[in-house]
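*Asks:* Protein sequence lines, in the order shown, are assigned to chains V and C.
Oh and the first sequence: position 31 is 31 in the working numbering, straight run, nothing missing.
Oh and the second sequence: position 329 is 1329 in the working numbering, straight run, nothing missing.
In short, the hints are calculated from the structure, not lab data.
Hints may be right or wrong, so weigh each one.
[As the list claims (entries may be wrong)] Cut-off 27 Å, straight-line C-alpha distance, at most; resulting in silico cross-link-like pairs (DSSO-like, lysine-lysine):
| # | chain 1 | residue 1 | chain 2 | residue 2 |
| --- | --- | --- | --- | --- |
| 1 | C | Lys1300 | C | Lys1290 |
| 2 | V | Lys45 | C | Lys1325 |
| 3 | C | Lys1009 | C | Lys1377 |
| 4 | V | Lys49 | C | Lys1377 |
| 5 | C | Lys1321 | V | Lys49 |
| 6 | C | Lys1021 | C | Lys1290 |
| 7 | V | Lys49 | C | Lys1592 |
[Stated by the list, open to error] Label-pair restraints from in silico Cβ distances:
| # | chain 1 | residue 1 | chain 2 | residue 2 | range |
| --- | --- | --- | --- | --- | --- |
| 8 | C | Lys1321 | V | Leu56 | 28 to 34 Å |
| 9 | V | Ala35 | C | Leu1553 | 34 to 40 Å |
| 10 | C | Glu1600 | V | Glu42 | 43 to 49 Å |
Each residue gets a CB set at the ideal place from its N, CA and C atoms; glycine is no exception.
So you can see what is in the structure, the chains are spelled out below.
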Amino acid sequence: MVIEIGTGLIAVGAGLAIGLGAVGTGVAQQQAIAAVVGAIAEDPKMFGKGLFFIVLPETLVIFGLVIAIMLMGRM
Amino acid sequence: MIKPERMSKLFLVGPKTKLNKVVAKLHDLKIAHIIEHKKDDKFDICPPQDYFEKISSLLVQTRSIMSHLNIQITETEKKEMSLSIVKKELEVIKDETTGILDEISSASDAKSSIAEQKNILALLSLLNLSPQDFKQSKFINSYFGYVANPINIEQLKNITENFEILTKEHNKKILVAVFVESKFAAKIEEALNAASFSGINVDSIKELTGNPNNLIEELSKKQEKLSITISNKKDTIKKLAGKHAPFLLSAEKYLAIETEKAQIPLNFGSTKETFFLKCFLPTKIVQNTKDELIKAAGNKLHVTDEEISETEEIPIKIENKGLVKPFEFFTNLYSLPKYDEFDPTILMAFTFPLFFGFMLGDVGYGLITFALFYYLKKKFPNGKDFFNILMISSVGAMIFGFIYGEFFGFEPYHGLIVRTHDINTLMIISIIAGTVQVNFGLILGFILEFKHHGFLKAAYEKLSWILIQISAALIYISSVNIVNIPVYIGYILLAFAIFMLYKGEGFMGVIEIPSIVSQIVSYARLMAVGLASVFIAIMVNDFTTFLFHKGILFIPLAVIALIVGHTFNIALGILSPSLHSIRLHYVEFFTKFYTGGGTEYAPFGAEKQKSII
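Just chain V, same shape as in the assembly (with noise of 0.2 Å):
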């Protein structure tokens, strides 16, 4: 089976945008997650909301999730 390299590159470009939307979405949820864990620590009835903060930044690697659909659609 012989692969176009342009076919390859996209690929590449599929897997680098939802690989940095991933570490975009981790660095921010890390700190996110850090606040969190403080707020719960000083009162329990934080959890809710602040599971609600910690997803905040998934949208981060959805984004790269439909950028990278969108090229495999071009392979």
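We have chain V; now place chain C onto it with these hints.
*Replies:* Just chain C, lined up with the frame of chain V:
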């Protein structure tokens, strides 16, 4: 339903002689949200009822007895009682219990001091010493304790020859007892400190005489006796608790209510002979309430409607029925609406389960989560609303499961949409859902702005966003020749929309333009979270099938993998879709029309709401 309950404000004036009656009636009605009167030049605040101190001290006593008897405060029916009966009965219970409680505490004290003595005696017996050796003496100082480093005997000998030292290794440290003539005490202490000496206080055993081992045996017997006494007394207390619990619980309830009643006048204003108060209550019951209050005060109460000023904070009561009701939980979690805003509960009640179902979308998972939340609801009635929401959402998941044709990740039949293949379709549906919801939010925002600030401002701030989207779509379809109109029309519309936005929200608004794209694309999570869930399920199934075909020995392993894998996925399938669904509402939808920050309608006399989160 779409707006918070309409409120009216009442102003009540009456003579202080009728204060009791009016307060009692207000408490019974449980509808008046009383506004605190702040002391000013003209009117002082009303003092609490004269029996307030008596009653609150009784309440404290009751609660203290209850905590000693280990009675938890639970929901009880309100019972009519009278102060004198409560007081008398409390005295009786106190007399019965205090003596026993004191005996228990002194017995436990004795028990713990015996335990301490035993510890010290055990250490003494290691060095073959007995308590008498530590008798107070003028001429001899004794030291007993641990040292971290070995003691330099030569150093001691340099100080004096007249000493005795006993050492033994114990617990990785060195136990040491030193007896020395008093006049060398200072120097010896110095030497001991050099070896990091930490003393053990032997005061508690100084009175004892005899062999340590015999003493320990004696003390153990004493200790056992004490234990038996304590457990007997505790049984008695338990019996007493059982006997008095019903009375104490209802007394607590009664006193708590009476305390509340007795101190509510602090929120009223007063003159020498009269009191007055202002309160909010739902408009639809104003007339009825007026009549009832006046009747209760024997016609000696003056009630008038008061104008509500623009700046005033009106308490918010949101009123939803049936299946929508539990979703008030999410509204409360975010923030209550302002008086003029829409109550978003009913909007969420429709889209939350829809989004949740779209993401989880599996008949099997839906069934399991439904059963799980039904169980949790029975187990933790406090979280009823939350679990109801999730049960409704589980039904959504089942419906979408049928559409996708998914059952625990298997595909027994070919669904309308096959999630593993029609990824693009899913994405398009998600984006359409996003476009619809975001624009719906903008329209709601437009309506609110229109009401408060007129058409122009509303158009600049909200309509401009919708126009931007329309013009972008127009540019796209005309440039790829889907419709045959010149491309520049789209650009002109876009420029116009941007100008409107600039008028409405200034330069910052223009900078924010890309955010509308990211907000709509954000709805792609509907597809993404669902895909993650379905692929994990498929992976678990494939792995198990692989194990099943490995041979009979692998079957138990396969079953374990199946259960663990799906449990994990269900846990994730509850957490992720619900959080992402609520996030879409809070962040993408609410920001278009909702600020919140209303104060809760808290009528005097009503129970405070409880929540688990």
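*Asks:* Run every hint past the structure and note whether it holds.
*Replies:* Status of the hints after comparison with the structure:
1. Lys1300(C) <-> Lys1290(C): holds, 12 Å
2. Lys45(V) <-> Lys1325(C): Holds: Lys45(V) and Lys1325(C) sit about 22 Å apart, inside 27 Å.
3. Lys1009(C) <-> Lys1377(C): violated, 38 Å
4. Lys49(V) <-> Lys1377(C): Roughly 21 Å between the alpha carbons, so the hint for Lys49(V) and Lys1377(C) holds.
5. Lys1321(C) <-> Lys49(V): holds, 25 Å
6. Lys1021(C) <-> Lys1290(C): Given that 27 Å is the threshold and the Cα spacing comes to 14 Å, the pair holds.
7. Lys49(V) <-> Lys1592(C): Holds, at about 21 Å.
8. Lys1321(C) <-> Leu56(V): 28 to 34 Å: Roughly 32 Å apart at Cβ, these two residues keep to the hinted range, so it holds.
9. Ala35(V) <-> Leu1553(C): 34 to 40 Å: violated, 49 Å
10. Glu1600(C) <-> Glu42(V): 43 to 49 Å: Hint violated: Cβ distance 23 Å, outside 43 to 49 Å.
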